[in-house]
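Asker: Letter by letter, the chains look like this.
2 protein chains.
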Amino acid sequence: MCQLLGMNCATPTDITFSFRGFSQRAGITSDHSDGFGIAFFEDKACRLFVDNQSAVESPIAELVRNYPIKSRNVIAHIRKATQGKITLENSHPFVRELWGRQWIFAHNGDLHDFHPRLSGRFTPVGNTDSELSFCYLLDKLVEKFGYHEPALNDIFTALKEISPQIAEHGTFNFCLSNGQALFSYATTKLHWIVREYPFQHASLIDLDVEVDFSEVTTPEDRVAVITTEPLTHNEVWQAYQAGEMILFQHGRPIKQAMTVVERLQREAKDPSLKRVTKADQY
Amino acid sequence: MCQLLGMNCATPTDITFSFRGFSQRAGITSDHSDGFGIAFFEDKACRLFVDNQSAVESPIAELVRNYPIKSRNVIAHIRKATQGKITLENSHPFVRELWGRQWIFAHNGDLHDFHPRLSGRFTPVGNTDSELSFCYLLDKLVEKFGYHEPALNDIFTALKEISPQIAEHGTFNFCLSNGQALFSYATTKLHWIVREYPFQHASLIDLDVEVDFSEVTTPEDRVAVITTEPLTHNEVWQAYQAGEMILFQHGRPIKQAMTVVERLQREAKDPSLKRVTKADQY
Numbered sequence: 001m002c003q004l005l006g007m008n009c010a011t012p013t014d015i016t017f018s019f020r021g022f023s024q025r026a027g028i029t030s031d032h033s034d035g036f037g038i039a040f041f042e043d044k045a046c047r048l049f050v051d052n053q054s055a056v057e058s059p060i061a062e063l064v065r066n067y068p069i070k071s072r073n074v075i076a077h078i079r080k081a082t083q084g085k086i087t088l089e090n091s092h093p094f095v096r097e098l099w100g101r102q103w104i105f106a107h108n109g110d111l112h113d114f115h116p117r118l119s120g121r122f123t124p125v126g127n128t129d130s131e132l133s134f135c136y137l138l139d140k141l142v143e144k145f146g147y148h149e150p151a152l153n154d155i156f157t158a159l160k161e162i163s164p165q166i167a168e169h170g171t172f173n174f175c176l177s178n179g180q181a182l183f184s185y186a187t188t189k190l191h192w193i194v195r196e197y198p199f200q201h202a203s204l205i206d207l208d209v210e211v212d213f214s215e216v217t218t219p220e221d222r223v224a225v226i227t228t229e230p231l232t233h234n235e236v237w238q239a240y241q242a243g244e245m246i247l248f249q250h251g252r253p254i255k256q257a258m259t260v261v262e263r264l265q266r267e268a269k270d271p272s273l274k275r276v277t278k279a280d281q282y
Numbered sequence: 001m002c003q004l005l006g007m008n009c010a011t012p013t014d015i016t017f018s019f020r021g022f023s024q025r026a027g028i029t030s031d032h033s034d035g036f037g038i039a040f041f042e043d044k045a046c047r048l049f050v051d052n053q054s055a056v057e058s059p060i061a062e063l064v065r066n067y068p069i070k071s072r073n074v075i076a077h078i079r080k081a082t083q084g085k086i087t088l089e090n091s092h093p094f095v096r097e098l099w100g101r102q103w104i105f106a107h108n109g110d111l112h113d114f115h116p117r118l119s120g121r122f123t124p125v126g127n128t129d130s131e132l133s134f135c136y137l138l139d140k141l142v143e144k145f146g147y148h149e150p151a152l153n154d155i156f157t158a159l160k161e162i163s164p165q166i167a168e169h170g171t172f173n174f175c176l177s178n179g180q181a182l183f184s185y186a187t188t189k190l191h192w193i194v195r196e197y198p199f200q201h202a203s204l205i206d207l208d209v210e211v212d213f214s215e216v217t218t219p220e221d222r223v224a225v226i227t228t229e230p231l232t233h234n235e236v237w238q239a240y241q242a243g244e245m246i247l248f249q250h251g252r253p254i255k256q257a258m259t260v261v262e263r264l265q266r267e268a269k270d271p272s273l274k275r276v277t278k279a280d281q282y
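Sequence lines, in order, name chains Y and U.
With the UniProt record's numbering, the residue at position 171 of the first sequence is 171, and numbering never jumps.
With the UniProt record's numbering, the residue at position 31 of the second sequence is 31, and numbering never jumps.
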């Protein structure tokens with residue numbers, strides 16, 4: 001398994017505090033040491049740093065901890081390999097261009113018997129179930145919308161349909177961003193928090209570091225942080241429910257949906273809709 | 001205009017010596033200070049570092065100068081903006097996935113009245129003529145070969161047809177790699193050299209630094225370096241002829257073609273083939 005970290009902000013914000021705690025889990029407070037990656041959007045483009053070294057040892061991770069890159073959308077990942085070798089091509093996050101924007105994806109989980117047919121428009125470079133699921137998601141978006149970029153709401157609705165189908169193959173927690181907003185989905189484990197005015201102090205779990213956000217922010221700042229396991233002691237993190245999808249923009253959730261629950265409710269009303277699923281494992 | 005640096009090697013090699021000299025041109029020995037980028041392949045995947053700061057000032061460039069990343073195919077670029085703002089999305093090299101490989105492209109030159117019709121399969125994220133020409137090249141490859149990866153020779157033949165058509169719009173010097181090999185093309189200025197056994201010492205033009213390659217290499221090493229302007233005093237750099245395309249693999253040129261000359265020769269034999277071109281500017 002792996003761990004995810006996402007950030008979506010109202011104003012460009014650096015992630016050094018959260019990343020310092022998160023990257024400790026790549027060998028010090030946990031054993032997610034089979035590569036790391038982090039992507040920072042600037043408008044439609046992004047900087048993507050990946051390494052097949054651990055986020056504790058990698059000089060690239062050291063740069064990220066010390067060089068405050070400000071961004072409205074960030075996705076990071078530390079890997080504990082389950083499928084695919086420890087190579088650069090298997091390091092998350094993965095990137096593809098669609099509709100003249102970069103899209104970034106990172107996955108926590110494990111998919112089994114997942115062999116979707118791809119059009120060829122997006123092809124995995126490595127051999128992880130994660131990159132395959134990313135290519136499949138984008139393939140389905142192109143199948144639905146063609147080469148005309150849809151509105152965020154329409155993308156959300158489409159992802160809400162596709163994601164539970166992939167999740168039938170196992171654990172499927174992900175963060176996905178196109179630089180405009182951050183889509184997140186969890187079948188087993190993901191947490192989120194919004195930090196906003198009046199800001200408080202926060203104390204990392206993985207490292208003896210505290211920050212008083214009220215000293216380093218303005219009232220216009222607002223930051224949503226999404227992570228596999230909470231990063232701080234003294235803040236209230238919200239756990240995703242099984243099958244929950246949340247779209248973050250401007251540092252707050254703007255759409256939430258309970259995809260699996262919705263489907264189970266539909267199935268309960270009309271048993272003919274029922275498919276063979278592993279929904280009980282969510 | 002911009003400057004290009006490419007490297008293709010028989011064995012994974014670090015580019016720190018050449019990049020140290022090259023990056024001086026981003027503000028010290030020349031004024032190419034509007035962003036920089038460098039991509040290192042590892043098999044089919046690559047690490048891409050881009051910054052809209054100059055390669056002299058960027059902490060990311062400093063990391064690249066000091067952290068010897070070994071690779072068989074490297075493409076770097078320092079930018080002096082002619083078209084498109086100084087933003088991350090306009091920083092070369094550009095990356096796209098095709099046939100399950102990352103493709104990396106960097107351009108030196110300026111294209112005018114270049115408004116090709118794109119299929120939507122590859123769309124520019126920024127607004128440079130360079131990224132547009134990259135998307136057009138890849139679009140044409142997909143149009144010709146579909147979603148089945150062709151052999152390198154076939155890609156070379158296709159690029160040899162497409163590149164002069166783009167070059168009718170201006171200056172078109174580029175380096176392109178898919179991690180297997182490095183394609184290069186020049187209409188005005190590009191130089192190359194092969195360093196191989198018995199290795200010699202080399203002395204940078206842009207910085208008072210010398211290296212004796214015989215001390216840091218083995219007989220199996222062989223490195224081709226491609227660059228806009230020669231990087232060293234005491235080595236013999238080959239200048240590309242106008243319209244020359246060279247494919248490098250395993251650290252040496254494996255195919256060379258004089259695309260423009262070939263076309264002019266064909267046209268001389270059969271004047272009905274003649275099109276209105278700006279061939280005299282090559």
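Treat the hints as calculated values from the structure; they're not laboratory data.
Backbone N, C-alpha and C fix where the C-beta goes; we use that ideal spot for every residue, glycine too.
One or more of the hints may lead you astray.
Unchecked claim - Calculated from the model, a selection of chain U residues having no Cβ within reach of chain Y, i.e. all distances over 10 Å: (1) Glu42; (2) Asp43; (3) Glu89; (4) Arg96; (5) Gly100; (6) Arg101; (7) Ser119; (8) Phe122; (9) Thr123; (10) Gly146.
Unchecked claim - In silico DSS-like cross-links for lysine-lysine, where the CA-CA straight-line distance does not exceed 27 Å: (11) U:Lys85 to Y:Lys144; (12) U:Lys160 to U:Lys44; (13) U:Lys85 to Y:Lys44; (14) Y:Lys140 to U:Lys160; (15) U:Lys44 to Y:Lys140.
Asker: Each hint needs a verdict: does it hold in this structure or not?
Answerer: Against the structure, the hints come out as follows:
no.: 1; hint: Glu42; verdict: violated, 4 Å
no.: 2; hint: Asp43; verdict: violated, 6 Å
no.: 3; hint: Glu89; verdict: violated, 3 Å
no.: 4; hint: Arg96; verdict: violated, 6 Å
no.: 5; hint: Gly100; verdict: violated, 4 Å
no.: 6; hint: Arg101; verdict: violated, 6 Å
no.: 7; hint: Ser119; verdict: violated, 8 Å
no.: 8; hint: Phe122; verdict: violated, 7 Å
no.: 9; hint: Thr123; verdict: violated, 4 Å
no.: 10; hint: Gly146; verdict: violated, 8 Å
no.: 11; hint: U:Lys85 to Y:Lys144; verdict: violated, 33 Å
no.: 12; hint: U:Lys160 to U:Lys44; verdict: holds, 23 Å
no.: 13; hint: U:Lys85 to Y:Lys44; verdict: holds, 14 Å
no.: 14; hint: Y:Lys140 to U:Lys160; verdict: violated, 34 Å
no.: 15; hint: U:Lys44 to Y:Lys140; verdict: holds, 24 Å
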